[in-house]
Amino acid sequence: MNAGILPYVLILPVTLFLCVFFLYPFVLVAQQAFSDGSNFTLENFREITSHWKFPISLKNTLLLAAAVVPVQLALALLMATMVTRMQKGRDIVLYIWTIPLGISDLAAGIIWLAIFDQSGFLNSMMSGMGLIDKPLNLLSYQNPGIVFLAIALAEIWRATAIMLVILVAGIGLIPKEYYEAAEVFGASPWKRFLRITLPLLRPSLQTALVLRVILAFEIFAVVAALGGTLFPVLMGETYSYQFDLLNNRAAAAMALIILAISIGFTLIILRVLRVPKGASI
Amino acid sequence: MTDAVASDLGADTRKPARFLYISAVVLLCAWVIVPIYFLLINTLSSPETVTSFPKPFIPEFDLGSLTFFAGFAGILTALKNSVVVAGLTMIMSIAIGAPAGYALSRFDFPGKGLFRLLILLTRAFPLPLLALPLAVLFIRTGLDDTAFGLALVHTTLAIPFAVLITFSLFSGIPIELEEAAWTLGCTRLTAFTKVVLPLILPGITASAIFAFVISWNEVFAAAVLTIENRTLTAFLLQNLDTSPLHLKFAGGFILVVPALIFIFAVRKYLFAMWGIANR
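Those sequence lines, one after another, are chains A and B.
For reference, each letter of the first sequence is one residue, going 1 to 281 in the UniProt record's numbering.
For reference, each letter of the second sequence is one residue, going 1 to 279 in the UniProt record's numbering.
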């Protein structure tokens, strides 16, 4: 076959597939969100934003992302630097730390339900230490703080691994010579981390943050398992518009709002962490 | 082994630092493992023990919860659906994604940048939301509530990874190997099947497993697109309010087990995959 057209033949299936199942659905979702069946309208957006649950679920989603992502970033950076210094047992430690990567958000929610539930392990531990004498109902509307904490912990537990993998891969790309040179000039480990690792890790940090922030706005099953209706989030509201209220126009409008927030944050992260031209490793 | 590297810092200042380092590593390992262990205890306890208080911290190896899980109406079908959808996703994403990965690693062609942008773009969008408009489209085409329809959506999720992973795998095979095969009378196709494919097969398997896990774990699209033929995640989600605790825990455990095995199987490729995907 002609080498000129071969690459196009090879990428054709993916391109077609993504056009049909990625680009086209975006057109459809926008169409649904902006129409009442035949005409252009903003009524769907007015309907969902005026609903009393909308401001709460927007606030909850953003607050959760703001609480979870920085902790995950710090934790992933710590784990990644720890693992690069490791001589013995690196493989087993990395395997353990990346286990949550394969665990679904629903399963993660259920795992933390086993801890925070009324008959869960947290209550058992507290009673074992003599702090309480009968189990407390921790995940109830009376304890919004604990519900938030449980969801945040489950998210941190589950999704730090994806950042860790990206950062470990990124640190692996940094040439060892930089560290050797810095050591020769007497830079402390902390200085080396600040002056070499962090700046050169910028592309990986970018990828990790974009991916993580988008996933944070998609949070759904963890919340469903732990908070149920106690803690409304955007994605959960989208689901209930589609499924419980059978209003797919409103669901589409919700989807567009989540999409807009995701794109907005992606652009901000790309801008803040932009890699100067020609400065890559 | 610390003695071997005893340096100008001296053993006194080193030991506490080393102790701190090791305990931090152990602590972080425990942070990952202990919650899974708790789930294991609950799964291997009788339904009565699951709701009792205080809880034992050692599993009693009672299969009551798991038998209840297996006997619960519809759950085995859901389990089967999950496997079928994940299997289809695995096959489709590799069959469609691998050729593109090969093209990206071997050719420079006009439009390559645009194509890479399209692939990367898919990662910057909350893809499960696409299930909403597709639900309407699928009803029109008769794909609604089928394993194949859901697998198509899951393939969209898995394809960017399949392309980028196979791209990094193919880039690891020197083109000289292929060129040598051409000079020895192989065509482009036979050179690929006889030389490149055997070298790449373990990596392809790893990325296929990765696609399987993506589909196996997906909740939102599965819950939106299936009604009768629910996958395990969709089934558990829909019955969260009504199902007893021991059913949730047993179901959660069944969801976790393949993940443990799969991550172990692909661990060697995990970092190579992401290293190249960052560029």
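Errors might be hidden in some of the hints.
[Said to hold, decoys possible] Straight-line Cα separation of at most 27 Å, DSSO-like style, residue types lysine-lysine; simulated pairs:
1. K15(B) to K176(A)
2. K191(A) to K53(A)
3. K191(A) to K176(A)
4. K15(B) to K88(A)
5. K176(A) to K194(B)
6. K88(A) to K268(B)
7. K194(B) to K191(A)
8. K88(A) to K191(A)
9. K268(B) to K194(B)
No lab work stands behind these hints: they were computed from the structure.
No experiment lies behind these values; they were computed from the predicted model shown.
We went through each hint and held it up to the structure:
| no. | hint | in the structure |
| --- | --- | --- |
| 1 | K15(B) to K176(A) | holds (25 Å) |
| 2 | K191(A) to K53(A) | violated (47 Å) |
| 3 | K191(A) to K176(A) | holds (15 Å) |
| 4 | K15(B) to K88(A) | holds (17 Å) |
| 5 | K176(A) to K194(B) | violated (37 Å) |
| 6 | K88(A) to K268(B) | holds (16 Å) |
| 7 | K194(B) to K191(A) | violated (50 Å) |
| 8 | K88(A) to K191(A) | holds (25 Å) |
| 9 | K268(B) to K194(B) | holds (24 Å) |
Checked against the numbered hints above, the structure breaks hints 2, 5, 7 and satisfies the rest.
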